[in-house]
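Protein chains in written order, with the numbering used here: chain A, 1 to 230; chain B, 1001 to 1249.
By construction, these hints were calculated from the structure, which means they are not laboratory data. Careful, some of the hints might be misleading.
[To be verified] Using 25 Å as the maximum straight-line C-alpha spacing, the simulated DSS-like pairs for lysine-lysine come out as follows:
id: 1; chain 1: A; residue 1: Lys-75; chain 2: B; residue 2: Lys-1243
id: 2; chain 1: A; residue 1: Lys-100; chain 2: A; residue 2: Lys-157
id: 3; chain 1: A; residue 1: Lys-114; chain 2: B; residue 2: Lys-1243
id: 4; chain 1: A; residue 1: Lys-114; chain 2: B; residue 2: Lys-1249
id: 5; chain 1: A; residue 1: Lys-67; chain 2: A; residue 2: Lys-48
id: 6; chain 1: A; residue 1: Lys-75; chain 2: A; residue 2: Lys-157
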Amino acid sequence: MPLICDNVAFTYPAAEHPILTNVSFNLSTPGFHSFFGPSGVGKTSLAKILTGDIAEYSGKVVTDGLKHLLYSHNKERLPGWSNVDRHLSRVIPQSMLAEKDRLVDVFGVSDCTKARFDQLSMGQQNRVNLIRYLLQDCDVLIMDESMANVDELTREKIILAIKDMFPRRYFIYISHNAMEVAKFCDSILVFRNSGKAQQTVMIQGCNMGRDDNISTKALDATLLEIMNAS
Amino acid sequence: MLPKRVFQFFIIYFLFIGGLMIMKYSLHLSDYVIPAPSDMLHTMVAEYRQYSLATINTMTVAIIGQVLSVIMAFVIGIIGRQSTWLGSFIKVAAYNIQAYPIVALAPILFILLGDGFITRLLIAAMICYFPVLLSVLGIMSKPIDDIEHFYRVTGRMRWQLEVKIRTFENLTQLTTVIAGSATLAMAGTIVGEFIAANAGIGYSIRIALYQSDLGKILIALFLIGITIAVYQALLELLGVAIKRTWTGK
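Whole structure, please, built from the sequences with the hints as guidance.
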């Protein structure tokens, strides 16, 4: 069940220039992947093309065998009429309810589940939002800066837990943190600054798991590759 | 909220009476044109009971008319929120019909239905219906993307949830519109009564006008003003209570 993009191009209706030009990649195995690059280069647009939210593009997107593709972002809110725990319980399928408590604990939000969403800090809000997406029946989850405003240690803990708990799922992590994507992602689609012939370059990340140790040398090499590509 | 509203009304009303008195005494107008304060007090004592009952009668019609129009506005607004042919048709029709002065239709209603309760109720409901409908349509047609996105992509969105989200997110605006529409309902009822009805404070004002009795009209204005002020304040308090219960703030 690969996720393939072949020569995808897209221009927003009112825009003069295309936001995406001949973007191609192939994610052949589930795992933690990333879209990396500066703001405004088309990461979110490509994510929306993958999930079908943008339909007027050219090129080909192959998602055969992948049932549900979900896109989540860091501006989302939960309704404010009841507390976080009640919302989560209502939107998480019965089969996944057992994992809710584990995620709440790993994500460090167990103290605030009795509060309403607008009473949480931005980092807590993003973590709660991510929990409800993770516990949906989907094959691909795109996380568009879904861990913004979360401290680095907790982010690492969360990424490792996600990799452990959902090994058969595709994750596309949109982030601006080069170190993080280099360390934890399997493949990194680097969006380059405009003016370069090829808009994106696919780079192999270190794909660190819970029990893995990666050498500083390997990490530096990946980082260097990302910097050179961008 | 309630004392503030009543206090505000008292200030405006007595400033208005003060203005009339300044005009009366500076232009040496007779008591027949603008009655003296003592005459007004005398009229108030004489007519207080009858005018109070008439005001309550009008207020009752206005409240029933407002409740009906708010219910109707929500039903039509919820149907009209969709970007379907029916939704667009309802929106365009609402914008066009609201531009037509309802008061101009009042004589037709009186001819067809007589000068009783139903006609007054219909005029009250129609006058406050369109402003509420346009607000509800505007609120219900505007997606709250940052909340609704999750429910849409996970296939959980139902029309009831959509309406609940949009109502919750615009609660302050909705309660303000509903409280504001109370004035419209009252105005509609009074205008209806003034044109042709056989009861209510609008009818009493019409009689006073025929008698050229400004004192009675000023007493009627006082009772109308104080009743609307109290009713609006009660609606605002109800809005605050609903908001507090629902949002926990």
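To see whether the hints hold, each was checked on the structure:
1. Lys-75(A) <-> Lys-1243(B): 24 Å, holds
2. Lys-100(A) <-> Lys-157(A): Since the Cα atoms of Lys-100(A) and Lys-157(A) sit roughly 16 Å apart, the hinted pair holds (cutoff 25 Å).
3. Lys-114(A) <-> Lys-1243(B): 19 Å, holds
4. Lys-114(A) <-> Lys-1249(B): 15 Å, holds
5. Lys-67(A) <-> Lys-48(A): This hinted pair holds, its Cα atoms lying about 16 Å apart.
6. Lys-75(A) <-> Lys-157(A): Roughly 22 Å between the alpha carbons, so the hint for Lys-75(A) and Lys-157(A) holds.
Against the hints set out earlier in the document, no violation occurs for any number.
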